[in-house]
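**Student:** Below are the chains, spelled out letter by letter.
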Amino acid sequence: MKLSTKSRYALEGLFYMAIATLDRAASIKEIAAETQISPAYLEQIFFKLKQFGIIRTVRGARGGFLFEKPLSEITVGQIIRAVEGSLVPVKCVESLSACTSKVRGTCISRQVWVDLSDAIARVADSLTLEQLRNEWLAEQRGGQAL
Amino acid sequence: MKISTRGRYGLRAMIDLALHEDEGRVTLAGIAARQDLSLNYLESIFSALKRAGFVIGTAGAQGGYSLARPADQISLQSILEALEGDLSVFEEADIGSPIRAFLKQHVWDVIDREVENTLYATTLADMVKRIQLQESSAESSAL
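Sequence order for the protein chains is Z and U.
Using our numbering, the first residue of the first sequence is number 216, and each one after it goes up by one.
Using our numbering, the first residue of the second sequence is number 6, and each one after it goes up by one.
FYI, nobody ran anything at the bench for these hints, they're computed from the structure.
Some clues are possibly wrong.
[Said to hold, decoys possible] Derived contacts from chain Z toward chain U, CB cut-off under 7 Å, selection only:
1. Lys217
2. Leu226
3. Glu227
4. Phe230
5. Gln251
6. Val291
7. Leu311
8. Lys317
9. Val318
10. Ile323
11. Val329
12. Asp330
13. Ala334
14. Ile335
15. Val338
16. Glu350
On a predicted model such as this, the values are computed, not experimentally measured, just so you know.
All residues carry an ideal CB built from backbone N, CA and C; glycine is no exception.
Looking at chain U on its own, in the form it has when it is part of the complex (with noise of 0.2 Å):
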């Protein structure tokens, strides 16, 4: 059960441009400063992101990537499935005997159910808050 360097890195992108979109077009050199991440990763990861209507990029010397709805209507669960593919723990495959069927019902599903319910309720806002919400109580705690 594992989350691809594709869906790590792009969520975490996701969640820079979200922290720093109040400051206008947010460029990919910037992400990847900020984040340690290789541009050229980032610019494949964008063009997907892009093509799946997460980002909207402009162009030009004032160009960058902004979101292309509000933070809190973008959901991680939509982010890492557009990244990932579908995320089930359970590998499609043929139900053969009814032992895997029933366990398919009583296991497999029930996992994939609360790890979509966890991240389905999780918007990019609420990472930005969550985020905030720490840099305060770290700087208050440096005083």
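This is chain Z alone, in the form it adopts within the complex (with noise of 0.2 Å):
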């Protein structure tokens, strides 16, 4: 039940914003180029993002992009369904009609679908930037006193 690269490295992307660039604005081949990720490819998935009102770009020389809301109100779930256009593992969970089964309307594993999707969003919805910055932040200070 793989992710696709896109959000993992939108994740990665924006979550290098949070850590390194919050003061200003950061150019996509400096977020490649930390997170290793090749700058084309991480060009398309943060079009994807700004389309979903997550980042913003400024223009100019010291042009790039920003967050477009506070870290506490991106979470990882939004980030998913932005790039993915969905967290759900099955499509049946969001529509029915999706299903092309004959049985479909007495469907005996759907339910299955449907716990599995609230299991993964329970998890994604409730992560924030925010949180995963203080954790890390915390980890660095941690790591630093020993």
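Could you use the hints to bring the two separately framed chains together as a complex?
**Tutor:** Dropping the structure here:
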């Protein structure tokens, strides 16, 4: 049940911005270099994130990406939905008509996929970039203290 | 994040088998008809399920399949893992950067654990109970 690299890269890029460039715009070049992701691919992904109102762009010599809303309002669930379209592992969870089976009305396994989607959403929708940033900073401080 | 047709059809077929086991050996033709699934595809899925020790097949006129263990000892997790392989959302790639390693630990592994807990806690017997309950409540509401 693999996520595409899009979700991982989207989160990695945004997370880099959250821990390193909160006070300024970050260029694709910088984010790509720091996360070891191809700049062209990252640009496609960030275009989606922009469409979904998670980030915005500033033009100019010091241009690049900024967060469009506070980190506390950006969840992992939103990020995955923005780039993958959905969090559910089986389409019928969102729309029964996506299923072409003749017996879909009495499907004996759909509930499993609903439960599975709920489990994924429970975690993804509760994790914010702010929380992840705080955990990262705490770990960094812990590491230095050793 | 997708469950393949193999995993989806296989799980549905196993629940069907558990639902009809008390009627004797269950034929793949019966499952195919009830579940609107292709017989050929079911045959390939069941040969994998047999190899993995989930079902026992008997040949002959009265032949068919039965569960290799009681339904309450077969978790949905184990069936899906047999059909899909590892269920984790994270592609085991190189943990290149510290950021990637951090996010694996704090995000992707947490999602995997929640999924695992859900699927591990549910057995085929739970599914049978659930479906019978739904059917009986549907019947009583039809009265």
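**Student:** Does each hint hold? Answer for all of them.
**Tutor:** Hints versus structure:
1. Lys217: Because about 5 Å separates Z/Lys217 from the closest Cβ in chain U, which is inside the 7 Å limit, the hint holds.
2. Leu226: 6 Å, holds
3. Glu227: This interface hint holds because 5 Å falls under the 7 Å limit.
4. Phe230: For Z/Phe230, the interface hint holds, since the closest Cβ of chain U sits about 6 Å away, which is under 7 Å.
5. Gln251: Hint on Z/Gln251: holds, closest Cβ of chain U at ~5 Å, below 7 Å.
6. Val291: Result: holds, 6 Å to nearest chain U Cβ.
7. Leu311: 14 Å, violated
8. Lys317: 4 Å, holds
9. Val318: Because about 5 Å separates Z/Val318 from the closest Cβ in chain U, which is inside the 7 Å limit, the hint holds.
10. Ile323: 5 Å, holds
11. Val329: This interface hint is violated because 10 Å lies over the 7 Å limit.
12. Asp330: 5 Å, holds
13. Ala334: 4 Å, holds
14. Ile335: With a minimum Cβ separation of about 6 Å from chain U (threshold 7 Å), the hint on Z/Ile335 holds.
15. Val338: 5 Å, holds
16. Glu350: 6 Å, holds
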